[in-house]
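Protein chains: 2
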Amino acid sequence: MAAYTQDAILLLGDSLAQGKFDRAGLADRLACVYVRKMDVINRGLGGYNTDWAIPVAEQVLAQQHEQHRVPRVQLLIIWTNFVHLVNMVRSPASAYYSPNTRVILITPPPVNTHQRTDRSFADTESYAEAVKEVGAQVSVPVADVWTEIWEAAGWDELACEQFLFDGLHLNAAGYEIVFNSIMKIIEERYPEIHYEKLQTVFPHWSEVNVNDPRPSLVKRRVPIV
Amino acid sequence: MAAYTQDAILLLGDSLAQGKFDRAGLADRLACVYVRKMDVINRGLGGYNTDWAIPVAEQVLAQQHEQHRVPRVQLLIIWTNFVHLVNMVRSPASAYYSPNTRVILITPPPVNTHQRTDRSFADTESYAEAVKEVGAQVSVPVADVWTEIWEAAGWDELACEQFLFDGLHLNAAGYEIVFNSIMKIIEERYPEIHYEKLQTVFPHWSEVNVNDPRPSLVKRRVPIV
Chain L
1 MAAYTQDAIL LLGDSLAQGK FDRAGLADRL ACVYVRKMDV INRGLGGYNT
51 DWAIPVAEQV LAQQHEQHRV PRVQLLIIWT NFVHLVNMVR SPASAYYSPN
101 TRVILITPPP VNTHQRTDRS FADTESYAEA VKEVGAQVSV PVADVWTEIW
151 EAAGWDELAC EQFLFDGLHL NAAGYEIVFN SIMKIIEERY PEIHYEKLQT
201 VFPHWSEVNV NDPRPSLVKR RVPIV
Chain P
1 MAAYTQDAIL LLGDSLAQGK FDRAGLADRL ACVYVRKMDV INRGLGGYNT
51 DWAIPVAEQV LAQQHEQHRV PRVQLLIIWT NFVHLVNMVR SPASAYYSPN
101 TRVILITPPP VNTHQRTDRS FADTESYAEA VKEVGAQVSV PVADVWTEIW
151 EAAGWDELAC EQFLFDGLHL NAAGYEIVFN SIMKIIEERY PEIHYEKLQT
201 VFPHWSEVNV NDPRPSLVKR RVPIV
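Residue numbers (UniProt numbering), protein chains in the order written: chain L, 1 to 225; chain P, 1 to 225.
Hint data in this document are derived by calculation from the structure and do not stem from the laboratory. For clarity, every value in this text was computed on a predicted model and none was experimentally measured. Fair warning: there could be bad hints in the mix.
Which copy? The list can't say, so a pair holds if one copy fits it or any two copies do.
To be verified - 25 Å max Cα-Cα, derived DMTMM-like pairs, lysine to aspartate or glutamate:
#  : residue 1 : residue 2
1  : Lys-184   : Glu-66
2  : Lys-132   : Glu-176
3  : Lys-219   : Glu-66
4  : Lys-197   : Glu-66
5  : Lys-197   : Glu-151
6  : Lys-197   : Asp-51
7  : Lys-184   : Asp-118
8  : Lys-132   : Glu-207
9  : Lys-219   : Asp-51
10 : Lys-184   : Glu-207
11 : Lys-197   : Asp-212
12 : Lys-132   : Glu-196
13 : Lys-132   : Asp-212
14 : Lys-37    : Glu-66
15 : Lys-219   : Glu-192
16 : Lys-37    : Glu-125
17 : Lys-184   : Asp-51
18 : Lys-197   : Asp-118
19 : Lys-197   : Asp-14
20 : Lys-219   : Glu-58
21 : Lys-37    : Asp-156
22 : Lys-219   : Asp-14
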């Protein structure tokens, strides 16, 4: 019985999206800066692969006939390379078509195979390349976390450990790079939904008429498409 | 276009509920432990008073005729003393009646008037007493943050500064006390919604049949009323 109050940023992906219990993940950081403006819905599912992401997305995204009564997703952040997911919201033929939903893709971080011996460095690099190709192909901006972390580590696999707590998953410093990369894309490509541009859904307390508060306490829609 | 996927914990209150940008607030902490189980909806509004909370609650809670299509609020946390808010969900005559929503009230922390000279220590103490009276009157458990912080500070107003960053608002150590107090009430009064008792909405990756994933990737309802 929670009414539709705020529009949403929806985060789809695996354990990198889900985040860890240390409250330094991407969803937490976005929720803090978007407080009272948009809700951040975390649908990161640890250990899930891109194939499994399809039936999940079909249950997490609303179909067209339901869209008028559920929170509008102003921004969909997909931490996987699957073009199918982008087409679900972008293709007019899709049951989940939502033309006003902005989309951002994210590449995975490089792996530190000295810490994580079951993974291949070249595989994450190819995966990151594939995400960038998908982004270019469907005209969706990509937060290239792979390259940003690789550069921040001085192109040294061992030095990646300052951003990865187990060689594979990001620590707070790693998520800081992800968050900054996402905010830079929002600033450049989707400036109308930058948190600094959005008014709060309920007005600031100083805007409320203390003698007659009720008329000013009406929730406001985010004034964007 | 975010479909109803997870039930919710809804947080109503002022700046103490809203939290600060340091990601150590109550909503962030609950979101971390309830990840993949329940969404935490933060409707804390800094500077709002208990009168203003009524029109806000009327727009944040769903009415009975809408309740079947929006996330069920399994737990409503109210950081104000207003009995009206409790009755909105508890009274069968209310448009917002939701008999299966559990409710917890929270007392404010004590104020450190050495840091915050515009407030009175006695006022926060009376306010905390009023919250406890309301809780007793309507049979709703109260997280008595006032007493817990007062005891942790050794009944010394100056020592409260270890829990208050400006004499009035909580820091991370203060929110740690709030979070533990809420979790203790959940454990004792509402154990069926303790995060350790809830299954994830989508199954753990090891439960997915890799040869035929789709039938196992169906979202599961929280198996509680």
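| query | What label fits Lys-37 with Asp-156 when the C-alpha limit is 25 Å: within, between, both, or neither? | reply | neither (40 Å within a copy, 38 Å between copies)
| said: One pair to classify: Lys-219 and Asp-51, alpha carbons no more than 25 Å apart. Within, between, both, or neither? | reply: Intra 39 Å, inter 16 Å, cutoff 25 Å: inter-copy only.
| task | Up to 25 Å between alpha-carbons, please classify Lys-132 paired with Glu-207: within, between, both or neither. | result | Neither: 45 Å inside a chain and 31 Å across chains, both beyond 25 Å.
| Should Lys-37 paired with Glu-66 be assigned to within, between, both, or neither, using CA atoms and 25 Å as the limit? | Classified as both; 22 Å inside a copy, 23 Å across copies.
| task | Go through the copies and call it for Lys-37 and Glu-125: within, between, both or neither, with a Cα cutoff of 25 Å. | result | Result: close neither inside a copy nor across copies, 36 Å intra and 33 Å inter.
| request: Tell me, please, which holds for Lys-197 and Asp-14 at an alpha-carbon limit of 25 Å: within, between, both or neither? | output: between (30 Å within a copy, 23 Å between copies)
| Should Lys-197 paired with Asp-212 be assigned to within, between, both, or neither, using CA atoms and 25 Å as the limit? | Answer is neither: 28 Å inside a copy and 45 Å across each miss the 25 Å cutoff.
| task | Could you place Lys-219 and Asp-14 in one of the four classes (within, between, both, neither) given a Cα distance threshold of 25 Å? | result | For Lys-219 and Asp-14, only the inter-copy Cα distance (16 Å) is at most 25 Å; the intra-copy one is 34 Å.
| query | From the Cα coordinates, with 25 Å as the cut-off, is the pair Lys-197 and Asp-118 best called within, between, both, or neither? | reply | So Lys-197 and Asp-118 fail the 25 Å test inside a copy (44 Å) and across (32 Å) alike.
| field | Intra- versus inter-subunit Cα pairing at 25 Å for Lys-184 with Glu-207 | value | neither (30 Å within a copy, 38 Å between copies)
| query | Using 25 Å as the alpha-carbon threshold, which applies to Lys-219 and Glu-66: within, between, both, or neither? | reply | Close inside one copy (21 Å) and across copies (18 Å); limit 25 Å.
| said: I want to check one pair: Lys-219 and Glu-192. Are their C-alpha atoms no more than 25 Å apart within a copy, between two copies, both, or neither? | reply: This pair counts as within: shortest intra-copy Cα distance 19 Å, inter-copy 33 Å.
Violation of the numbered hints given earlier is confined to hints 1, 4, 5, 6, 7, 8, 10, 11, 12, 13, 16, 17, 18 and 21; the remaining hints are satisfied by the structure.
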